[in-house]
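Engineer: If you're matching them up, the sequences are chains A and B in order.
79 is the number of the first residue of the first sequence in my numbering; add one for each residue after it.
79 is the number of the first residue of the second sequence in my numbering; add one for each residue after it.
Hints were generated in silico from the structure; no laboratory data involved.
Fair warning: this is a prediction, and the values are worked out from it, not measured in the lab.
Errors might be hidden in some of the hints.
Any copy, or any two copies together, can satisfy a pair, since identical chains are not distinguished.
[Said to hold, decoys possible] The list that follows gives simulated cross-link-like pairs (lysine to aspartate or glutamate, DMTMM-like), each with its CA atoms no further than 25 Å apart: (1) Lys156 / Asp306; (2) Lys401 / Asp306; (3) Lys316 / Asp340; (4) Lys86 / Asp97; (5) Lys401 / Asp127; (6) Lys86 / Glu158; (7) Lys337 / Glu159; (8) Lys337 / Asp359; (9) Lys401 / Glu227; (10) Lys152 / Asp213.
Number of protein chains: 2
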Amino acid sequence: MSQSANQKLGRSSVKLERDVYINSSASVVGKKEGEGPLGLLFDMVGEDDLFGCSTWEEAESNLQKDAIYLALEKAGRKAEEISFVFAGDLLGQSIATSFGIASYGIPLFGVYGACSTCGEALALGAMSVAGGYADQVLCVTSSHFASAEKEFRFPLEYGNQRPLSATWTVTGSGAFVLGSADPGRHSRGRITGLTAGKIVDYGLKDSMNMGACMAPAAASTLEQHFIDWNSQPEDYDKIITGDLGTVGQTVLIDLLRDKGYDISAVHMDCGIEIFDAQTQDTHAGGSGCGCSAVTLSAYVLKQLEEGSWKKVLFLPTGALLSKTSFNEGQSVPGIAHAVVIESV
Amino acid sequence: MSQSANQKLGRSSVKLERDVYINSSASVVGKKEGEGPLGLLFDMVGEDDLFGCSTWEEAESNLQKDAIYLALEKAGRKAEEISFVFAGDLLGQSIATSFGIASYGIPLFGVYGACSTCGEALALGAMSVAGGYADQVLCVTSSHFASAEKEFRFPLEYGNQRPLSATWTVTGSGAFVLGSADPGRHSRGRITGLTAGKIVDYGLKDSMNMGACMAPAAASTLEQHFIDWNSQPEDYDKIITGDLGTVGQTVLIDLLRDKGYDISAVHMDCGIEIFDAQTQDTHAGGSGCGCSAVTLSAYVLKQLEEGSWKKVLFLPTGALLSKTSFNEGQSVPGIAHAVVIESV
Chain A
79 MSQSANQKLG RSSVKLERDV YINSSASVVG KKEGEGPLGL LFDMVGEDDL FGCSTWEEAE
139 SNLQKDAIYL ALEKAGRKAE EISFVFAGDL LGQSIATSFG IASYGIPLFG VYGACSTCGE
199 ALALGAMSVA GGYADQVLCV TSSHFASAEK EFRFPLEYGN QRPLSATWTV TGSGAFVLGS
259 ADPGRHSRGR ITGLTAGKIV DYGLKDSMNM GACMAPAAAS TLEQHFIDWN SQPEDYDKII
319 TGDLGTVGQT VLIDLLRDKG YDISAVHMDC GIEIFDAQTQ DTHAGGSGCG CSAVTLSAYV
379 LKQLEEGSWK KVLFLPTGAL LSKTSFNEGQ SVPGIAHAVV IESV
Chain B
79 MSQSANQKLG RSSVKLERDV YINSSASVVG KKEGEGPLGL LFDMVGEDDL FGCSTWEEAE
139 SNLQKDAIYL ALEKAGRKAE EISFVFAGDL LGQSIATSFG IASYGIPLFG VYGACSTCGE
199 ALALGAMSVA GGYADQVLCV TSSHFASAEK EFRFPLEYGN QRPLSATWTV TGSGAFVLGS
259 ADPGRHSRGR ITGLTAGKIV DYGLKDSMNM GACMAPAAAS TLEQHFIDWN SQPEDYDKII
319 TGDLGTVGQT VLIDLLRDKG YDISAVHMDC GIEIFDAQTQ DTHAGGSGCG CSAVTLSAYV
379 LKQLEEGSWK KVLFLPTGAL LSKTSFNEGQ SVPGIAHAVV IESV
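Modelling step: build the complete structure from the supplied sequences, incorporating the hints.
Structural biologist: Listed below in structure tokens is the structure:
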């Protein structure tokens, strides 16, 4: 019976009895990301952020297409061997995904969790593999600075000023081939469990300070994770949020201290790592559902491969706003999904 | 081992070895839907389409909230007993969902498949239950005529003329409690399998004829389903698409005839059933990811309960466009996810 194979821990967490292997992954980023601290680690860096396309949206679609192409190639897989692709992006109606992956002809489960989408896609993808529903699946997410600014904030041509709490949407896409087996023992990591997050809304309304909006969701999922798994921060070499940035990081650490957990020694945020805020004018850090995806692929999985880390908790956070909800005066609720990733 | 419990049929289809029960469901609709042919079957009909809210988006959120409330109540479940909610809507960044279900505090997997979202949510929800990841999950989707017109087409105040191929977005939300058990033997149906759809793009660009844009996707998923399951149209009492409308229905039947399948005797479309096109001025039919959800809850599951039908294939279709993709001259790709539902 499959029920015994996958252990429920509380209602939100699942311990996968059968490991799911990250057979391969790939990262494709824009010029600015290529110039940042992780620049040399990405698989592909664009010369400009249009990637040969005529619109920002098409460029973002292209990011997904290229990331999938590279991930499939590295895994030695053809698109026809992939059962499902779990994919999403930040744009209205997820159009970067719709136009990015159609040509591969892989059955699609579209997912949306704002910048937490990479965590959601990996969680659902891992469950579908561990459950025996698929031998291989793809997980892919993307974001693009220019398409996101247009979608959520102001046209680039306005030259809008940004407060120091604002983050800079990463132009990038990360793709991951998950499999039930570890062909050639070349897999980059193992997904061994997850904690699904719920929406947390502290009533904050400042879309220029999304780190603070999302930190309560990260704290909620982390606390639930520690309870469900009966674990502590020091059980992980790193606890890796997606794009809280420097402001959100402070809030998260404070919120968890109040709950009795000190993650300050092991916390890392992809948004803080991907840019050099001093020289790249990115303020609080990088963001977007490409940010955590490309950092996971290029940097985090590398540490697991090289043995620097054995076990990490990957926890991308999302801010569930839209231009419409913002203009109608709604708050910015957050969500965060956690995935346990261990070295092979 | 769970691998033996869930049988993969081809790469896109899954036969759930353990049935997943639709423990309960609920439908909440607007005034116009209440006046339609299925009006008396819905659980709740709004007196107007604002449902006491001040914006269309908030009203749509309220639809989801009410549908979940009723479904939980009918199932005799509290929100705390639900592991995951699979939810989505048509609005940019799925804000109807984000603000509709937050208060329940259930871990959320946001899904997006345009008007196919109800099929996607049921497919993923059923897999998570059959895989032993959850005892109970919720699946909920919604659409709202006024929020969708604002999101995709023109402000209502324009009084825009609509061609006869256009569909009318249904104001409604359907919620479903799926469970691994059948408490009291009161469940409304069983989900026994699924076929996930891929994006199909015939290059059509007319967002006022979405039936024709989506029909090729429905044909693709149906053909794949017949192949994977080694089945024929007559194996089902009904094959039920979501919102192809009258134009899309004709295209679907023709496309499948070319592939050697005649579904004309068993095909039903929720969009055609929900309105009386002659008297309600809805042209080609109803649409939106509330359309298939409320029709499934109010009408289809009733037939299964009453024994009129034994086995249906529920196949909502989605048009993967956004205002931005449309304005940039992109085509309108389609997608369709199929779920096999049998009587208890």
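Engineer: Work down the list of hints and note, for each, if the structure agrees.
Structural biologist: Verification of the supplied hints:
1. Lys156 / Asp306: between (38 Å within a copy, 20 Å between copies)
2. Lys401 / Asp306: For Lys401 and Asp306, the Cα distance exceeds 25 Å both inside one copy (35 Å) and across copies (42 Å).
3. Lys316 / Asp340: within (13 Å within a copy, 57 Å between copies)
4. Lys86 / Asp97: both (15 Å within a copy, 19 Å between copies)
5. Lys401 / Asp127: both (23 Å within a copy, 22 Å between copies)
6. Lys86 / Glu158: between (32 Å within a copy, 15 Å between copies)
7. Lys337 / Glu159: This pair counts as between: shortest inter-copy Cα distance 24 Å, intra-copy 45 Å.
8. Lys337 / Asp359: Intra 34 Å, inter 57 Å, cutoff 25 Å: neither.
9. Lys401 / Glu227: Answer is both; intra-copy 10 Å and inter-copy 16 Å each pass.
10. Lys152 / Asp213: within (17 Å within a copy, 37 Å between copies)
Hint violations for this structure: numbers 2 and 8, all remaining hints satisfied.
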